[in-house]
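Below, each chain spelled out in residue letters.
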Amino acid sequence: MTEDHPKRVYTPDFLTELFRNPLDPGYADAAARKAIEGGPTGARRRVLSGITLVTLVALGFLFVVAYQQTIADAPASTKARAALVQQVQSRRTQTDQLQQQADQLGDEVSRLRERELGDAAATGLRNLEATTGLAAVKGDGARIKLGDGPTPVNAVTGERNTAARVKDTDLQLATNALWSLGAEAITINGQRLTATSTIRQAGEAILVDFQPVTTPYEVIAIGPDDLAKDFRDGYAGRFFKELVAKYGMAFDASDAHDVTLPAATELKLRVASPIPSPSAGASTSISGSVSSSPSEGGR
Amino acid sequence: MIAVLALAAGVVLGIVLGPTVPPALLPYLPIAVVAALDAVFGGVRAKLDGIFDDKQFVVSFISNVLVAGLIVYLGDQLGVGGQLSTGVVVVLGVRIFGNVAAIRRHLFRA
Chain S
1 MTEDHPKRVY TPDFLTELFR NPLDPGYADA AARKAIEGGP TGARRRVLSG
51 ITLVTLVALG FLFVVAYQQT IADAPASTKA RAALVQQVQS RRTQTDQLQQ
101 QADQLGDEVS RLRERELGDA AATGLRNLEA TTGLAAVKGD GARIKLGDGP
151 TPVNAVTGER NTAARVKDTD LQLATNALWS LGAEAITING QRLTATSTIR
201 QAGEAILVDF QPVTTPYEVI AIGPDDLAKD FRDGYAGRFF KELVAKYGMA
251 FDASDAHDVT LPAATELKLR VASPIPSPSA GASTSISGSV SSSPSEGGR
Chain R
1 MIAVLALAAG VVLGIVLGPT VPPALLPYLP IAVVAALDAV FGGVRAKLDG
51 IFDDKQFVVS FISNVLVAGL IVYLGDQLGV GGQLSTGVVV VLGVRIFGNV
101 AAIRRHLFRA
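So the sequence lines, in the order shown, correspond to chains S and R.
Residues 1 to 299, numbered by our numbering, are exactly what the first sequence covers, in order.
Residues 1 to 110, numbered by our numbering, are exactly what the second sequence covers, in order.
In short, the hints are calculated from the structure, not lab data.
Certain hints may be false.
Think about it this way: if two alpha-carbon atoms lie no more than 25 Å apart in a straight line, the pair counts; the simulated DMTMM-like pairs of lysine to aspartate or glutamate are [claimed, not checked]:
hint : chain 1 : residue 1 : chain 2 : residue 2
1    : R       : Lys47     : S       : Asp29
2    : S       : Lys138    : S       : Glu204
3    : R       : Lys55     : S       : Glu184
4    : R       : Lys47     : S       : Glu37
One-sided and incomplete, this derived list gives chain R residues near chain S with beta-carbon spacing under 10 Å [stated by the list, open to error]:
hint : residue
5    : Leu5
6    : Gly14
7    : Thr20
8    : Ala24
9    : Leu26
10   : Leu37
11   : Gly43
12   : Tyr73
13   : Gly75
We put the CB at the ideal spot given by N, CA and C, even for glycine.
Given the sequences, and given the hints that come with them, work out the whole structure.
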């Protein structure tokens, strides 16, 4: 470094300097040096331009790679998503079809059973089925409506405040209150509850017996005439009124007349297992109604 | 002219070879491109200013890409994620804009 070479001064206000003079000061320095010492000559000059060309090749290469990567990336994620959506939908229709088939077979089974069994046994069985949720029932009761409150988005963090959403515990509380008030059959959005039903939160969705239900929730119960009134005045009613006042959730309990609740979908035996038919064959062992009905009721 | 040809050669090379980027290097690619763009526009402007220097161009390109990659890596390690790379993009973006404006003044006298 010679004395006449101007010392580079960095201004304290870096950003202002950046805006005013965006060119790398190195170029000016190099030009100044060249003016004094003269540029590189001969072989050195050629080597330098060669390096520049190599750098330019690398640059073009880099741009293309980055471009191709970007192009390849975007469809990959959307493709995967589309495939997943497709899969979910096909599985869902498959489930629906299988469910329909299961319902048909169930109807057939109950028709056959009623034909084979005596009147008294069939009636007893029907009553058992009604209480356990394995058969559709009809009657008067209460209709409880629950809905999500407003879920404002926080302007600063961008997060959604989900405090006013109906939680699985709210639905559990409502159904437990209805059972304790003497309800005989309950559905949530058309899903019949049994003794082994589950109401669970899975992320943002609530699953009733693994089937998703969404707001607004309609809990229909068949039970005593003053079920709705009892529910309103009971602890559950007070709890939900509190939620309405605090979070703006929707809640309504009214009488329901002549409603039909469908049978539960899940007909899985958990503890009991079918009796292996010894020698007489399946058709005759059914007539021993005592042995077959506990296995149905014991789910 | 030769420079443009070299750039085109690089592009053709990239298309022909079609390399796959290892996943570990993927986060550095966009920021490296921005850094490279800054070097390119700086070089073009210097050329138009008549003060282009081969050594300066090569060194600024390599150091730009390396420093940008380093900052992204540092951001990852520190847990500030993309925020440091945002800083890189802002600074380089301002420089690119300024250089492009200078180039425009050279080309169109406006």
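So, going through the hints one by one against the coordinates:
Among the hinted pairs, Lys47/R with Asp29/S is consistent with the structure: their alpha-carbon atoms are about 14 Å apart, no more than 25 Å. Pair hint Lys138/S plus Glu204/S does not hold up; C-alpha atoms about 32 Å apart against a cutoff of 25 Å. As the CA atoms of Lys55/R and Glu184/S are separated by approximately 88 Å, the hinted pair breaks the 25 Å bound. Proximity of Lys47/R to Glu37/S is assessed by CA-CA distance (about 20 Å); at most 25 Å being required, the pair is judged to hold.
Among the interface hints, the one on Leu5/R holds; its C-beta lies about 9 Å from the nearest C-beta in chain S, closer than the 10 Å criterion. Evaluation of the Gly14/R hint against chain S yields a held restraint, the C-beta minimum of about 3 Å falling below 10 Å. With its C-beta approaching chain S no nearer than about 9 Å, Thr20/R sits inside the 10 Å limit, and its interface hint holds. Checking Ala24/R against chain S: minimum C-beta separation of about 13 Å lies over 10 Å; hint violated.
Against a cut-off of 10 Å between C-beta atoms, the interface hint on Leu26/R holds, since the closest Cβ of chain S lies about 7 Å away. Because the closest C-beta pair between Leu37/R and chain S is about 8 Å apart, less than 10 Å, the hint holds. Satisfaction of the interface hint for Gly43/R is found here, the shortest Cβ-Cβ separation to chain S being roughly 8 Å, below the 10 Å cut-off. The criterion of a C-beta within 10 Å of any C-beta in chain S is not met by Tyr73/R, whose closest approach is roughly 17 Å, and the hint is violated.
A distance limit of 10 Å between C-beta atoms decides the matter here; for Gly75/R the minimum to chain S is near 19 Å, and the interface restraint is violated.
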